[in-house]
Amino acid sequence: MNDGRALRAVVAFALMGGIVLPILAGFGQTARAAFGVLPAIGAVEWSLTPWAQLFALPGFGTSLRLTLVTGLGSTLLALALAAGFCALMHGRMAQSAMGRLLMPFLAAPHAALAIGLAFLLTPSGWIARLLSPWATGWDRPPDLATVNDGWGVALIVGLLIKEIPFLLLVMGSALGQLPVRQQMAAGRALGYGRGVVWVKLIMPQVYPLIRLPIFIVLAFALSVVDMAIILGPSNPPTLAVAIMRWFSAPDTALLLPASAAALLQAVIVAAAIGAWIGAEPLAKRLGLWWLRRGGRGHRAEPGLLAASSVVLTLLVLGALALVSLLVWSIAWRWSFPQGLPQSWSLKGWMTPGSGWGRAFQATLVIGVCATAASLALAIAWLEGEDRARRARATWAQALIYLPLLVPQIGFLYGLNVLFLRLGISGGMLAVIWAQILFVFPYVMIALSDPWRALDCQHVRAAAALGAGPWRRLWAVKLPMLIRPLMVAAAIGFAVSVAQYLPTLFMGAGRVATLTTEAVTLASGSDRRIVGVYAVLQAGLPFIAYGIALMVPAFVYRNRRGLSGGA
Amino acid sequence: MRSLMIAALGLGLATPALADWQQTLEAARGQTVYWNAWGGDARTNAFIAWVGEQTEAKYGVKVEQVKLTDTATAVTQVISEKAAGKDSGGSVDMIWINGPNFLSMKEQGLLHGPFANDLPNAKYLDLSPNSAASVDFTVPVEGYESAWRLARFVFTYDSAVVAEPPRSMAGFLDYAKANPGRVTHPDVSNFMGATFLKQALIEFAPDQAALQLPVTDAAFEAAASPLWGWYDALRPFMWREGATFPENESVQQQLLNDGEVDFGVSFDPASAAGAIAEGLLPDTARVFVPEGGSIGNISFVAIPYNAANREGAEVVANFLLDPATQAHQQNIEVLGSFSVLDPSKLNVEAAALFAALPSSPALPKLEELGPTLLEPHASWMTKLVAAWGERYTK
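Protein chains in written order, with the numbering used here: chain A, 1 to 566; chain B, 1001 to 1394.
Since the hints were derived computationally from the structure, they do not count as laboratory data.
Note that CB positions come from ideal geometry on N, CA and C, so glycine has one too.
One thing to keep in mind: the hints can contain errors.
Stated by the list, open to error - Just the calculated beta-carbon pair ranges, DEER-fashion:
1. B/Glu1368 - A/Asp139: 28 to 36 Å
2. B/Pro1236 - A/Leu282: 42 to 50 Å
3. A/Leu131 - B/Pro1361: 29 to 37 Å
To be verified - Under the rule of at most 20 Å between Cα atoms (straight-line distance), these lysine to aspartate or glutamate pairs were calculated in the EDC-like manner:
4. B/Lys1365 - B/Asp1158
5. B/Lys1177 - A/Asp143
6. B/Lys1106 - A/Asp251
7. B/Lys1345 - B/Asp1118
8. A/Lys347 - B/Glu1278
Said to hold, decoys possible - One-sided excerpt, in silico: chain A residues whose CB lies under 10 Å from chain B:
9. Ala40
10. Asp139
11. Arg245
Model the full structure from these sequences, guided by the hints.
Written out as structure tokens, the structure is:
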């Protein structure tokens, strides 16, 4: 018992010192600048001027509106579409098959997907090329805003392709905890249509279980940078992109309003989550009223079908986007309106020395270290809970997920200043640490449920046979949990590979990973090189998932009973 | 270099500067220079990698390119370091810089120097008071940055699509009216987008001399009003009706390659030839400049005041000015950017290096580029970008 408390104390201390304090300190620095204090550029007086400057910056209002529309819109749409798809496919498709279907979309980093999608959708893009000129009559591309459109539709599409698979995954695992089949049978017996049972009976039970992931999606969509640069409008861009621009404008006086905007970005996320929570009772009341009316109609079915076809279309677009990158990476000349490249070349792949070789290596090292550390921390935390025989407190829950809920841009700039003052910036270690902030929560999400679902009789049997707590952990729990452990590691690795801002800020630009290089190159014009990076960037997590599936199969090759559950 | 040094010592000509340089070379050996440079151009990146190989072999100085999406990122980094009191051992050793970023860093005392005029290879430069290498956007360089490549504003186009390109910025309006949606420029928050506007500003401004002085509200009003008249007329006929713009010139080149627009912009007269060689533009791509000439400037490298590898950075800056390096850089198969050296100061062997360079039909001759227009004072660009934002970013 004492042992458990000590272990928990150590982990809590590590999280406190490693996560909460740095984030608060980073925010502190940003807030100082937001209220006029940044001695480096000679600003020493507290004032509200940065805020006045911010509100007066051209396009500020539009940027704000864009952020809200794309962030809230994509989250609501993703939730509705994922729920519809889940309702239609559940029971018709095995969870493992669903996992395999979703894996490429979960593994592909945002930037890579966005680059491919931009090429797919643009008026001179792949879709137009495949249809031109025979079907469209275009011998030159039309002037249509299909990407970078002023309403952010392309950005919303891009976000949906990343968010729906994530929500489907968490919905799938939440449904595993519910007696879906019995409830469906009961509902059908009472004369409710299949779709209506889903909407009225099952989804309300799923919702509380996936609330946190929804907030994570919402926070991410409101503050995304890399995807918004590539797919969003540019004049003005979303607030997060505008902040990046102001932070990097030649006119250093803009650093102060940029800091104010970074702080505002955090407020927006907090307010959006607050508003969401505020709307829940209202939705609940409406839902109850609707439920009590007792309508049994089959009318929900067409809606579910429509949602599912939208989801399928989005997934096909996403898959085509990834394939287009692969094609570009081996193309030489590929001009409009050719459906496929006129000439091919392996030049991009043949010269690892000029770039991708080192970025690949750095990505691998950072990913493995950040994942290993996060996994160790997560195991320590969960084992600590087991030994203390206590459920997780709400504050602990909030603590773990804090980095996913606060916008990175709000504290990373301040944190960088702080790190420089301590003299620990610009290295691999700083980057690895900053990534653990974002990898650890995802590892916890992936590992918590399987860990709790572990049949404790095995552990008790081991205890009865005289095994101490450490031996129970090493010899019983971890081997039994090897499959979820590997999956958690793969997810953690994928998260690490995709990190953009933490790597950029904490590495002082010196640590080049596949993602930072891909985003930088996306600002250049060579889709072929971008293709090479994006394929590697999407491929690495893919391989990690592959290994995650293979290791348990190998370890369990002579223990069939273990290869099923957990 | 070493034999030259020995010869100089042997003749008893060891000037203090030369002795200092020997010390710099010694201190630089073993250093790794983190060169912060915009990383969106694969050819430039490859050239910087080549520079690193050469300096490592010759002087034991490695070069690591920190690939930036925007040069100002490096400026922000130095400011953060200064904010944190890190006055030595900074992470930025050298920056590819010019114009407003240089003005900003110089004004805030963020630069090491003066060093540039003491580099041994500075003797090949024309450093007379008003020469291109001693004035950066009308801001006196005063040895705080060292030249490395020449930039001239040019337009690229596909000669198979556009038979006759516009002859002036005013001509772009006629072209756009006849071909709606085929003209654009990079986003004005980007340097090249601002340069497009500056080119028009210079063409339309009634008083050229005012552009060389720090901007005032009255002067700006007078100079910019014909520009806005032209731009208001042009904008509805631009790509996407002027509501959105390509992020930078590379993205615009991609649009040109995709056939979405008819013109690209570049600060490199060899860009079309280079892009053809890389398979990034069709073989029929060419460059042109407006008849009155175009804006030109020199790209520099500067060293932050707190650079950890200052000596190494100086050695690299000096290597960049070596005639052999400049000739390699001007080679169309390498980078194709014109040399910054003064041809009259080159000896016979160095001049021969340039004469032997390969040519390309897409490469303009120097005389085809017309006169070089001076950059307006850097404050004009800041004002122009802000005013454009107020007018067109809603």
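A quick look at each hint next to the structure:
Between glutamate 1368 of chain B and aspartate 139 of chain A the beta carbon distance is about 31 Å. The supplied range of 28 to 36 Å therefore holds. Between proline 1236 of chain B and leucine 282 of chain A the Cβ separation comes to about 45 Å, which falls inside the hinted range of 42 to 50 Å. A hinted range of 29 to 37 Å holds for the C-beta pair leucine 131 of chain A and proline 1361 of chain B, which are about 34 Å apart. For a cut-off of 20 Å, the pair hint linking lysine 1365 of chain B to aspartate 1158 of chain B stands: about 18 Å separates their Cα positions.
Taken as a hint, the lysine 1177 of chain B and aspartate 143 of chain A pair is honoured in the structure, with Cα atoms around 14 Å apart against an allowance of 20 Å. With a CA separation close to 13 Å, the supplied pair lysine 1106 of chain B and aspartate 251 of chain A stays within the 20 Å bound. Only pairs whose Cα atoms come within 20 Å are accepted, and lysine 1345 of chain B paired with aspartate 1118 of chain B is accepted, the gap being roughly 17 Å. Between the alpha carbons of lysine 347 of chain A and glutamate 1278 of chain B the distance comes to roughly 10 Å, so the proposed pair stays at or under 20 Å and holds.
Satisfaction of the interface hint for alanine 40 of chain A is found here, the shortest Cβ-Cβ separation to chain B being roughly 3 Å, below the 10 Å cut-off. With a cut of 10 Å, the hint placing aspartate 139 of chain A at the interface with chain B holds, because the nearest CB-to-CB distance is about 9 Å. A hinted interface residue such as arginine 245 of chain A counts as satisfied when its beta carbon comes closer than 10 Å to some beta carbon of chain B; here the least separation is about 6 Å, so the hint holds.
Every hint from the earlier list agrees with this structure, and none is contradicted.
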